[in-house]
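Student: Protein chains in written order, with this note's numbering: chain A, 1 to 381; chain B, 1 to 324; chain C, 1 to 276.
What the hints contain is simulated information worked out from the structure, not anything from laboratory work. Ideal Cβ placement from N, Cα and C applies to all residues, glycine included. Hints are supplied without guarantee of correctness; some may be wrong.
Which chain A residues face chain B? A few, computed with CB under 10 Å, are given here [what the hints assert, rightly or not]:
no., residue
1, Ala16
2, Ile19
3, Glu87
4, Ser204
5, Trp273
6, Ala336
7, Val339
8, Leu351
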Amino acid sequence: MGLHRGHRARPLEWLAEKIILLISLTAILVVFLIFLFVGREAWPVVIGATNSSLAQEYQEIIPPEDFARVPPARLRQYLGLTRQQFEQMDEETLKDLMALRIEAKAQMPDDPDAELNTTEWRYLLGPHQWTGYDRPAYIWQPVSQIHKYNLVPLFIGSLKTTFVALLFAVPLAIAAALYVSQLAPPRAREWLKPGIELLSGIPSVVLGFFALIVMASFFQALFGYPSRLNAFVAGLALGLAVIPVVFSIAEDALTSVPRSYTEAALALGSTRWQAAWQIVLPAALPGVFAATVLGFGRAIGETMVVLMASGNASIVSGNLFDSTRTLTATIAAELAETVVGGHHYRVLFLLGALLFAVTFISNLVGDLVIHRLKGQLEGKR
Amino acid sequence: MTASTPTAPPAPPARRFRASTFEPVSFFCTGLTGLATFLILAILALILGNIFLQGGAGLSPRFMFGNADKDMFDVASAGVWPMVFGTAARVILMTLFVIPIGVTTASYLTEYAPALSPFTRIIRGAVNNLAGVPSIVFGLFGLGFFISAVGGTLDVFLYPDSPKPVWGKAALIWASLTLAVMTLPVVIVATEESLRAIPLGLREASLALGATKLQTVLRVVLPQALPGILTGGILAVSRAAGEVAPILFTGAAYYMASLPQSLTDQFMDLAYHVFVLSTQSPDIEKTRPILYGTVVVLLLLTFALNLVAILIRARVRRNLRRLA
Amino acid sequence: MVAPLLSPLARVTPPDAASPATPHGHPPLIEVDRLSLYYGAARALHDISFAIPERLVTAFIGPSGCGKSTLLRCFNRMNDLIDNVRLEGSVRIGGEDIYARDIDVIELRKRVGMVFQRSNPFPKTIFDNIAYALRLQGFRRKSEIADIVEQSLHQAALWDEVKDRLHASALGLSGGQQQRLCIARAIAIKPDILLMDEPASALDPLATAKIEDLILDLKRQFTIVIVTHNMQQAARISDATAFFYLGELIEHDATGKIFTNPARKQTEDYVTGRFG
Ligand SMILES: Nc1ncnc2c1ncn2[C@@H]1O[C@H](COP(=O)(O)OP(=O)(O)OP(=O)(O)O)[C@@H](O)[C@H]1O
Ligand SMILES: [Mg+2]
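Isolated chain A (complex conformation) (with noise of 0.2 Å):
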């Protein structure tokens, strides 16, 4: 019947399908290029090859007699200045700028923090007794001379803004999410469900502004507490962008769970509450986890709320009431000030590449345990 014609008979139809699996490729090669290239910028403080000393850096002078024998590339690097600015200077300016760091060279500090590379890792992790200070401190502060690079106050507040949170968040929206998928009557359900989920439609930026202008207030005249923006503030208002990202899968999860685990429980005569508690929640508990989990990997990774709410001192400190400056914040407020492959910003490129790997970790989590529960969930069935 003529039907011998094979795959060749089409070259479009296969043409189009290698297009296709091409195209789809796309989001696996992004995930390894925001490995790759955010990890290349951060790569060089990883293995020590950066250096923050200031007594390395003014080690070499080039007198503003020489500028006309320097390449440009040259000056450029050794003036630390990015190629757009470089471009923007005229000569004058340039050779001013010459001047000014042999005047710097002379003005370095006596000090001999002076001579440390502060992008070392017993730097970025351990204390230090800085010059002035009466005992090791773990201190951030990339600024004026001696750039201070200690990344465990960053820590400290990020965990603080997180665990204020998740203690906020995770309570209420699985209260909520057992209440709307079990014990709501299902015509409030319908308009409920979308209702909660509206939350996740207000901009981060917004959540931020609110927590700024009308929730630091507030709360600074309910408790009296010192500072006005803090911790606490920041957690809250981090707080509502979380409940909807951990009603939504919980909401799922307790969804999942067949109907007839309900309907046996109630036939027995259990009030829907217990047949809700006693045998949904178990059996949905890991994808309530996970929900926590990726709630985690939310609130470690927002950037606006907690940048325009935690007040951004990198304080050292347990009190949840204190100013406190987190991982994302710092990046978003210090990336635009520093030289494109400075140590500041590849230190800053550390700090994306560190919250890259723990929403990594939390997301790979969260999925594995939602994907168990469903394939057990499916297979009771």
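Using the hints, position chains B and C with the ligands against chain A.
Tutor: For chains B and C with the ligands alone, kept in the frame of chain A given last:
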């Protein structure tokens, strides 16, 4: 059953159904979860109420369409048109990238990929992972990849003599691409969901008539999935419109004298402007009306879109339930 | 491949050994040879060999789950769409092994039409449901398409009911009408073979009668294979009948023989309703 005595067994005590179903613990706990639900909705209402009550008044055509050219912080003259324009430009541009790629990926996953292959699992894993990457990391990625690597390379080849970078700097195109990468999972997930809801019988009907797979996907499957694709697109747009972190280093400008003229220009942005007004105002009390007004405009944009998406989705789900 | 139209019930001498027997001695069109099919590890078809004659109606009967649909779907390779299906043996149509490597499945499906067990009209208009099939065949002229649409709707006994609403959604039709639309769609492209999987299962007696008339009418042009649970229907319309049980072909013979004088006890029990 085995009563051996001739006397009838004593009648069981009459059950009072009404009273026996009341159980105080259950009642209390149900109330508690209901309260939690109510609390969340109340907070939502509070936030929206506060914003719309305070910001609604300041909305005027002059504010919406006025330029910000004199002084951004001047209550009498400030307008948000350049920001609205910038935000619209970046999200529209973004959809041009993200919809085709997202829909194609979703089609591959549901129509072409073998269900259990490790390859499919990796794509799914990547999509899930992408959905959880913090937005600020996308910002770093945009800077490190799009601006430095791609833009820098373009400059080397296209404009080797230009003293200023043309592509290798923050620009509208890079911000849009960064956002496209960020919202890719949103589009993929929504499209996939609606593709999966299409009964196998439709695909079989088409294939049995001698349609090729591509014809089936293009003419039967995708038209059916249109509401889902639409929802995905709207959700992506509303998510992207409110994001600041990814565009902080990739394109948003604090101030620009004119609207962006080309893909390589920077732009003023509504969401970023909320941040600027909140944190950098010389006198927060005096500029409050502009701030609230800007927030309202931003919310109207993102929220209206979200509401539409949620309604479409609820509708589609209800229809599906009816069909099942 | 034109065969003289023989009287359906005329029994002829057994055919030569080279090709499998067909009950009427009609030239075989579909030849199934030692066919087994597995869904994963479960075997749904067990070593089936027989031949389906050209331009006659062959009915598949058997209890639910015995593999009738599965076998039917082997003839247009619809089973390719299901993951994990494995096939042994061969199916030849017009002498060509349709599971050979270089077979163009798309072309095959254009020649072998199918009406599914569950009606599956596209969510398009009634007209477009049929026009879609025609456009796939390369028809472009509007008037030509409209003619064929009308003609196939007539054939499927649906025209009078839908002629005023050709451009309304097909999903607004009743279940039986939808099934007839699917039949119209399948015959519009004039396949050589028409596979029908319980086409009348959702229809009332009147519509069923129309479909049966249609089948008797169609067999002048097409070779028809029909799955049915309705014994009277099989007896009325088919020329040959194959009885399946648990994935095996128990008996295949002229319909008259199967229903009056079957060779196997199982067949007799089934057709007389004494089964199980
Ligand atoms: N997609 C599938 N995956 C796994 N097993 C299947 C699949 N389709 C059918 N089967 C199994 O193959 C066997 C034959 O199924 P088939 O649909 O061919 O039966 P049938 O004779 O058409 O039944 P009915 O008269 O009810 O339509 C059954 O046991 C069925 O469970
Ligand atoms: Mg069947």
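Student: Can you list which hints this structure breaks, lowest number first?
Tutor: Hint 7 contradicted; others consistent.
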